[in-house]
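Trainee: The opening position of the first sequence corresponds to residue 1 in UniProt numbering, with each subsequent residue numbered one higher.
Simulated from the structure, these hints should not be mistaken for laboratory data. Treat the hints with care, as some may be off.
Claimed, not checked - Pairs of lysine-lysine residues, derived as BS3-like cross-links and limited to a Cα-Cα distance of at most 25 Å, are as follows:
1) Lys233 <-> Lys214
2) Lys489 <-> Lys512
3) Lys257 <-> Lys187
4) Lys649 <-> Lys590
5) Lys121 <-> Lys79
6) Lys214 <-> Lys255
7) Lys382 <-> Lys412
8) Lys43 <-> Lys54
9) Lys548 <-> Lys575
10) Lys338 <-> Lys590
11) Lys572 <-> Lys512
12) Lys86 <-> Lys121
13) Lys548 <-> Lys512
14) Lys456 <-> Lys489
15) Lys456 <-> Lys412
16) Lys257 <-> Lys221
17) Lys214 <-> Lys489
18) Lys54 <-> Lys86
19) Lys590 <-> Lys572
20) Lys86 <-> Lys72
21) Lys548 <-> Lys590
22) Lys590 <-> Lys622
23) Lys187 <-> Lys214
24) Lys221 <-> Lys233
25) Lys622 <-> Lys575
26) Lys79 <-> Lys54
27) Lys255 <-> Lys233
28) Lys255 <-> Lys221
29) Lys572 <-> Lys548
30) Lys257 <-> Lys233
31) Lys187 <-> Lys221
32) Lys43 <-> Lys86
33) Lys575 <-> Lys590
34) Lys72 <-> Lys43
35) Lys338 <-> Lys382
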Amino acid sequence: MAVTTPTSLLGRLLDHVGNRNLNGKPKIIKPDILSLLSYGRLKQALGVLFSINKPVDQSIYAHFLQLCTDRKAINEGRKVEIHLLKFQMNPSVFLLNRIIEMYAKCGSMTDALQVFDRMRKPNGGSWNAMISGFEYLGFHENVLDYFWSMYGLGIRPNQVTFACVLSACASLMALGPARQVHCLILKWGFFSNVVLSSSIVDVYGKCRAIEESKRVFGEIKNPNNISWNVIIKRCCEVGREEEALVLFFQMHRAKAKPMNFTFANVLSACASTLGIEEGCQIHALSIRHGLDVDDYITSSLVDMYSKCGFLEEARRVFDNAHTRNVITWTAILSGYSKHGFTEEARNFFDEMPQRNVVSWNAMLVGYTQLCRWEEGLDFFSKMRREACEIDHVTLGLVLNICAGLTDLELGKQVHAFVNRHGFSSYLFTCNSLLDMYGKCGSLRSMDRWFFAMAQKDIVSWNSFMSSYARHGQSEETLRIFGEMDRDVKLNEFTISTVLAACSNILSLQHGKQLHGYTIRTFLERDIVIRGALVDMYSKCRCLDYALKVFYEVCLADIVLWNSMISGCAHNKRGKEALELFELMQESGVKPDNVTFVGILVACISEGMVDIGRWFFNSMSEKHCVIPRVEHYALMVELFGRNGCMDELKDFIGALPFEPTPAMWMLVSECCRNHGDTRLGELASQRLHELDEIGLKPINSAPCETDLGLRNSLN
DNA sequence: CTAGGGTTAG
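Start from the sequences, fold in the hints, and give me the full structure.
Mentor: Printed below as a string of structure tokens:
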């Protein structure tokens with residue numbers, strides 16, 4: 001067995017030297033190799049190894065393999081294997097396992113497999129080496145395959161095996177196998193290992209089986225920090241923020257030390273549930289743990305205060321922060337932006353030392369939320385000019401702008417951009433496109449796109465359906481509703497849209513069924529659903545039902561008050577409408593222009609001319625609400641229907657705009673009923689004139705289609 | 001291995 005490599009020649013030389021110096025005792029070489037290895041001189045040690053033409057001690061091979069594994073030095077590892085196999089017919093299973101491990105960590109499961117397959121008697125360690133190798137390299141399916149083969153052969157897994165298998169189940173989100181593995185862990189008494197039991201909690205949580213996850217967590221006798229963190233994180237992930245917070249405070253009472261990312265998780269939970277009280281407590285706790293200086297916790301704190309609308313607090317944390325990075329900056333900017341302080345947000349944006357696409361998007365939200373479409377578009381152009389990347393969120397926001405402007409052309413350009421740049425794989429963006437087509441009134445394009453979409457979720461269906469509802473196609477809305485039921489899980493958006501359609505076609509029967517559904521599914525608490533129910537019952541002439549639904553609400557918002565007031569008004573119960581108006585003001589809700597539509601309708605239905613006039617005057621004088629065309633039209637109706645022809649004439653004469661055709665029609669009708677021929681003739685004359693020019697009351701200004709974005713979208 | 005931006009409704 002001649003050794004011919006140069007390394008080996010050197011080795012032989014060294015061997016010779018060693019022999020001569022140490023009286024022919026080659027074993028003495030061993031400490032030399034070991035010290036080379038301990039200094040990490042792998043190549044030199046290999047040289048020495050190959051100079052020895054006989055097997056060396058097992059521990060030397062083990063050290064070699066360990067170093068090769070750490071260094072991911074597959075070629076050197078291979079040489080060690082060659083040396084071992086050259087001199088040993090039956091290397092120990094222990095060393096073969098180390099070789100498998102070495103190949104796996106070096107990324108070659110093919111080599112590992114070859115070793116494994118040639119082993120005569122692989123033991124549990126060999127299986128573990130294969131399984132952990134597969135898991136390390138992300139071959140999760142193989143982990144499960146090997147695990148079940150191992151199990152089939154009656155080889156008992158240990159905690160290492162289980163740790164790998166659970167990790168594989170988590171990656172694959174394989175709930176079934178996770179349950180089986182859970183059983184085996186219980187059966188073989190590994191559940192007391194807190195690492196494994198925490199992993200089980202983690203796997204169930206990852207598979208979104210949060211109930212099972214919580215149950216297993218409850219079974220852990222002494223949960224450690226990891227266990228607590230895992231369950232809290234998983235609760236947050238599936239939207240069980242309240243439970244996450246309860247667990248966090250339990251954790252605190254259990255004297256377990258929260259880790260920094262636990263704080264980050266629960267602060268996010270407070271942010272999304274607007275739990276400012278809990279947020280403050282957690283802030284205090286973070287200070288007590290000396291963690292409030294942590295970067296992640298700082299930005300979570302800023303975000304929590306921002307989202308809850310406590311902008312001064314957010315600002316204080318931000319100003320006192322040890323380090324401010326792009327994330328803290330974006331968090332504070334987003335707080336101002338989302339709460340309508342667009343100018344302040346813009347100041348932050350302009351001052352930021354660095355910006356990324358998230359910062360830009362956060363700023364863009366400021367414009368879209370306040371329907372400042374044009375400014376939003378300008379900002380988007382700026383974003384394109386200043387070479388910032390744009391992503392699927394940006395495109396979603398831009399599509400919102402297109403919808404807000406009902407600019408179909410621009411929307412189509414964005415669609416083309418989405419296709420060209422591969423954003424059509426983002427469901428989020430696809431949903432925004434769908435909504436844009438719907439809101440721009442292009443139901444055919446929307447239809448086509450809906451059926452072309454590769455995947456659809458509840459938002460797609462809701463958006464699709466609500467566009468039909470918005471265009472008065474109530475039967476179609478109900479048909480779609482029947483169809484989506486099979487595909488996705490309905491939510492509050494779905495029900496409120498369908499209820500609105502029921503109101504339109506006065507389908508009390510469907511409406512009542514939906515009301516029952518909302519009670520069974522606890523959706524009844526949703527304020528928009530309440531509003532839809534109030535509308536539905538009011539329109540279906542079941543005002544007492546409407547009032548019942550209304551009075552069960554603890555805190556009505558402006559829209560709900562408006563619904564109820566106009567519900568009363570349209571059901572000839574004007575006095576109750578006015579009573580509600582008083583209650584509304586007592587509750588601190590300020591009336592808006594819609595409220596006064598209801599109030600004036602109420603006055604018309606009760607024939608209360610003086611009160612109506614008083615309310616109309618109070619709009620701008622007392623409530624800072626500028627009367628719109630519809631309010632003037634209602635005043636015309638109020639005077640006209642009650643035969644106040646002189647007042648009507650004065651009112652028409654003092655209108656700040658040309659009376660609309662509808663107003664003239666009304667005037668004409670009232671004059672016939674109340675015998676005012678002169679005003680009636682004027683009305684007829686005006687109507688005649690309007691008829692000649694085609695009766696077009698509103699001449700829409702030509703739309704600016706190309707807003708300079710054609711180029712910026714290329 | 002944790003933090004910042006978003007779609008659908010009355």
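Trainee: Would you mind confirming whether the straight-line C-alpha gap from Lys72 to Lys43 stays at or under 25 Å?
Mentor: Within the cut-off at roughly 13 Å; holds.
Trainee: Do the alpha carbons of Lys257 and Lys221 lie within 25 Å of each other, as the hint requires?
Mentor: Holds, because 17 Å separates the two Cα atoms, which is no more than 25 Å.
Trainee: Lys257 and Lys187: Cα distance at most 25 Å?
Mentor: The hint is violated at about 31 Å.
Trainee: Are Lys572 and Lys548 close enough, with their CA atoms no more than 25 Å apart?
Mentor: holds (17 Å)
Trainee: Run the distance test for Lys548 versus Lys575: straight-line Cα separation, threshold 25 Å.
Mentor: holds (17 Å)
Trainee: Straight-line Cα separation of Lys187 and Lys214 no greater than 25 Å?
Mentor: holds (20 Å)
Trainee: If you draw a straight line from the CA of Lys86 to the CA of Lys72, is it 25 Å or shorter?
Mentor: holds (23 Å)
Trainee: Does Lys214 sit within 25 Å of Lys233, going by the straight-line distance between their CA atoms?
Mentor: Cα-Cα ~12 Å, so holds.
Trainee: Hint check: Lys382 vs Lys412, CA-CA at most 25 Å. Holds or violated?
Mentor: At roughly 20 Å apart (the allowed maximum being 25 Å), Lys412 and Lys382 satisfy the hint.
Trainee: Under the criterion that the straight-line Cα-Cα distance not exceed 25 Å, is the pair Lys54, Lys86 satisfied?
Mentor: Answer holds: Lys54 to Lys86 is near 9 Å, not above 25 Å.
Trainee: For the pair supplied as a hint, Lys548 and Lys590, confirm whether the alpha-carbon distance does not exceed 25 Å.
Mentor: Judged against 25 Å, a Cα distance of about 23 Å means the pair holds.
Trainee: Between the alpha carbons of Lys575 and Lys590, is the straight-line distance 25 Å or under?
Mentor: Roughly 19 Å separates the two Cα atoms, so the pair holds.
Checked against the numbered hints above, the structure violates hints 3, 4; every other hint is satisfied.
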